[in-house]
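Okay, here's what each chain looks like letter by letter:
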Amino acid sequence: MKRIGLSFAMAVGLFAGATAVDVPQAVAQSNTTGSVRGRIIDKKSKDAVVGATVSVSGPALQGTQTEITDENGSFNISSLPPGTYVVSVFYGDSQFNRPNVVIEVGKQAFISVPIDTEVKANEVIELVGRAPLVDQGSTKVGTTITDEYTRNIPTGRTFGAVLGTAAGTQNDTYGVSFSGSTSVESSYVVEGINTTDTAFGGQSTNLPNEFVEETEVIAGGYSAEFGRSTGGVINVVTKQGSNKFKGSVFAYYSPGTLTSDAKAILREGSSIGSETNLDYQSDLGFEVGGPIIKDKLWFHVGYNPSFTADTISRITTSVVDVDQDGVEDVDPNTGFTVLENVAQQDRGRFRTTQFFTAKVNGAISDNHQFQISGFGNPRSIDKTLYRTTGSPEASLYSIDDGAYDLAVKWTSKLNDGKTQVDLVGGYHLGFSNENPYFAGGEAAQGLQFQNLRFLGDLQQFEAVKSPKCVDGSPDDLYPMVNNCPVVNYTVNGLGFLESRDNARTSLTGSLTQRVNLAGHHAFKLGGDVEFTTYNSQRRFTGDAFYQWRRPAPGQPRQWRRRALIETDPAGVIPCLGTTCSIAPGGIQADTENRNIGLYLQDSWQVRPNFTVNAGVRWEKQTAFVAKGIQGLTSPEGEVIPEVAFELSNMIAPRVGFIWDPTSEGRAKFIAHYGRFYESVPMDINVRAFGGEITDQSFLDCPDATIDANSSTLTGCSTVSRRTQLGGGTEYVAPSMRGQYINEVILGAEYELMADFKMGINFVGRNMPIVIEDVSTDGGNNYLIANPGEDFSSDASSLRAQADSIMATDPDLAALYNSRADQLDSVKDFDKPVRDYQAVQFTAQQRLSKHAMLLASYTYARSKGNYPGLFSTETGQLDPNLTSLYDLPELMSNRYGALGLDRPHNLKVDGFYQFDFKQAGLLTLGASVRGQSGIAHNTLGAHVFYGTDESYILPRGSDLRSPFTWTGDVKATYGRRIGKNQSVEVFADIFNLFNNQDETDADETYTFDAIDPIVGGDSSDLAHAKQQGVNETPNLNKNYGNLNARQAPRSIRFGLRYSF
Amino acid sequence: MLFAGCFSDPDLKTALRPDGLPEVLSLVSIDSGGGEAPLFCKYVGDVLDEKAPGLVQGSEFCPKQKSDFVAAGVDPLGFSLRIVFDELLDGDAVETLDCPADEEVCYGHINTTLPVTLMCGGAAMTYDGYYYPNGNAVSFPVGPSLVVTPDDVVATGADCTVVINDVVKDKSGNTVATGPELNQFTFTVDALAVTGTDPVDAADVMDREVIAPDGAVAFFFNALIDPASVTAAEVEITNLDTNLPVPSDFDVVDNEIDVFGVAALPAGNYAATIKSGATIADVAGGMTTLTADETVRFVVQ
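Protein chains in written order, with the numbering used here: chain A, 4 to 1062; chain B, 68 to 368.
What the hints contain is simulated information worked out from the structure, not anything from laboratory work.
Glycine is no exception: its CB is placed at the ideal position from the N, C-alpha and C atoms.
Among these hints, one or two may not hold up.
[Stated by the list, open to error] Per label pair, the in silico range of CB-to-CB distance: (1) Asp159(B) with Thr279(A): 41 to 51 Å; (2) Ser343(B) with Val642(A): 34 to 44 Å; (3) Thr279(A) with Asp218(B): 55 to 65 Å.
Using the sequences and the hints given, assemble the complete structure.
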């Protein structure tokens, strides 16, 4: 803290001194605006024009922004909302106007304005030309999604659906991945406030494109003002009002009847499948903005309800044995077991999202402006399917989720614009509530058969009783075989559900000062503080979930009961053995975090065409234990603290270089290095510090029976073994460090012709330190640390503490010594590896000559043993608590091509406008995407951690899914129907060629427990054994088969009336 | 500097050591109850080989320092050997697979590939077993390994040798280097001994267990006992209240000697004893002479 205070004092001193310096310099723009920098020169002599007044005006700006050129003829005007501006130069008694200067959010436009200083007085000269496309202000890589793009390119309806446009991005399980990071590592900033989900990371707030002015997608290379992201930064600016009333009414409709049939995904070994077919998707909305007080107070509002109806078909099939030889028939063409439909149930699902936005912009004066905006996306999903392989009545549930946000911003320019103060306050509330749909669902315990069963044995749970599935019945067409196999069939209750809310109250401030000191500096000192919450109510329906376990050789049949345990009322956690009782209704964990960030950065323009951006960011994260268990006492006598962990030494340097060899803003070479720390999502607060103790009891059930109307098993009461997972709170290594990535970017951009640029970038990232929970004693105890790092000094300290209390408190001393032993072994884990290297080729044409283009090709490789904040294989989303590092043996074979390793990635978006003048405007847009498939794995079950947790062969050593591509097209016809009114009709065809190729494959080699064949290959599989026995594993018949396809062709129609 | 070495495979602790000749990291005894303990661990100097099993699931398997290593014995009741290698073997060379038509799994055999030569008490032992390619130094069981199970029981106290043959090759065709503690390992079968009794002996009268008047006291041994090696003179039951022997008899069943009264025992305190000096043999020819009485005190009510 002392060093930070000194830095702050130094910075203030610099700013104070700078007030006497009359030199405009590069200024880092705030999150929601852009800037323009330029140089005024004499047309003939090419000398700098000193003392000219440069004024910027445009419909997006309240008032004007003005500066005087310095001795180099330079100017720099910041805090410009995205839009098109006129730059006016006043020199002598003449005025020179340079229109069509496009300012994008987060970017710095550069213009060189040659003027004739000998022109006659009082003349107004209109100059021709546009600002070059190349951003001269930063080393950021990524792209900016504009209104022009979303109107004319076939895209999804929301900003969240267009993020994949940027080079280096790809979709993953939970969103859009940036530069090899998982999607939940990114930061989502809307209107200057952080709207990232506090619980798991990832996107929480979403808005339709009609409400959005621009979306800046930053895939890397960002400066010190951006933090809490090890992925990308998504920076969204919503529309605002202006001095004119403007707006639109719009409607979209996607009929299910025009959506192509999805090709079936055949699965071996399961007679229950599902298909989801769209009935319709529609939305209708408006957005309008205008002046409340001209030039002083503007408003913008919008409302857009969205409706999606689809039908989920649960299809029951039977195997076929036409020749009655007792062997299931196989289709010689596909190699799959022949199946025939025997029953189908259709369930309607309905989803509604209420998007809204409201915004007020005000200007006290040109130099003091404010903004208040509120927006949200509450959603309701009715009757969605919890699982397919379950009794139909017990498989439906409902979800209410979404977010509400409020953002308040203040910007003041002082000292002739050389000093700028930005303040942003925000409140984000995300929520998600899961509830059973069926009556009595909350009280019903889930009972799951993890072994192979046949539906004929489960007819009591099947609403559609298919006689063909009843082996031996008169309707059994194939009596020589078991007709309807099913694995993991679940009856009665759903299982695990959660209701949660996640809030973030944030305040961000920055002070920017331009200084002339060995060149031009723009110092920016800023900070932010966040108070975040994650309140979670987690439960098993019926308070418990039962799983029938395949017995180990020689072991009896058993049911495993999992339940959440109530915190001991005596205040002792964890409660042990018979003193524990199952928590009725689950457990509630109300948790908090406090995040602080400070940064100091300097944009130093050493020369007019060479800029150094350097900065350092300091972050601190304090995570708190759930309120309900703070102050309780553990069995060893340890008082549960208030603070779960504190990460305070997160210092992230950033440095970048920008060189423009043309000195005209038409090219740049960049180099960037940065370190970026993760903001640990609060799932860890709830799971590791929320009092969660899962009781796992094994019940001997030689004669168990289940009544379909009963919520409990009968004949199954003897508990033969009982274990508890979690201890209510986990121990944290005292010197644990924050998780971070290092990033290096080298790149170049060149504007080949007006409004068209090409670029090449190298992006390299690695992740040397991660935070994960680990167990060094075979799963008896867990601690949270940096796996692979040396914590021996922590262990020594702990042992010294133990020695000092050994005589007075032997239990606590023993606990300390046990922890010291665990700390000593943390270094024995494999160190984390996540290396990402990419070369990106980009091309962009800004809308000109009726055309726009945005294209990229990326060659990237991603290797390692740590995919990120979720498991790309199992989908487990428990940031920093994945099972990955739980046991040393789980790390075996984890190194290889990661789940986001797609070497080739091609993206081409563009449109062309045919202007028929009075007859209207026809715009044809297209979007092409192509990418390599992922490399697959050969997975088995771990004896404790279950399915797919054992990498039998090294990660990614199995075949890749094929390269896939898709082409979307859009046609828009628009016509003016008045001076300021127009109507557009449009149609999008997604996946025009209806490519439905494989995007994923079944990686489960076996459901049996099996240890990895370390460094093995397919030739070793024949000799693989189940864990600890001389028996090869039972193979998953569906292993290697296609598991997912590209979405089928669909068509969307739309109408927009603009005024 | 930052990305120097990127994409060169990192040195992972969980990785095997596929380069070079295959080496034996550990020779492990698997007892009749499935418990495993090291008979040999590979040390480099006094330090455990970095790829050898040290901590396995939180418990010390091979000590880090050679000076701390104490070789376990081998269970005469039935044992297997697990020979742990530092790299994968050519599975087809060391193992054949038996895949019954009515099952979906296969079972490994090494009784025809004969990857080792096993000698105990100077005699060659026939064996079967399997190749277990799974696992590494941190998994349980540790691996990759050959599991060797003698077909016959081995005499208690026997000295044994296992030699890895040239049929054992790594996936590059390399064979194990020859020499002691390279491809040749020795171990000893535990001496014949009593491992437990039922009921348990207790000096304090109040702690003694009650058995039925026609019940027996079982003395458990660590090997199958040769019934002919036990004589009536070597066992007795004594009435501790009168300090007089009572008529008794015995049965030998597998690895236990059951001592009981010829007639139902009246209520009282008793002691069942296998006498010092008794010479008891196992079915494979091993034997031991008790140097002290083996006594169990019990109560009949």
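- Query: Looking back at the numbered hints, which does the structure fail to meet, lowest number first?
  - Reply: 2
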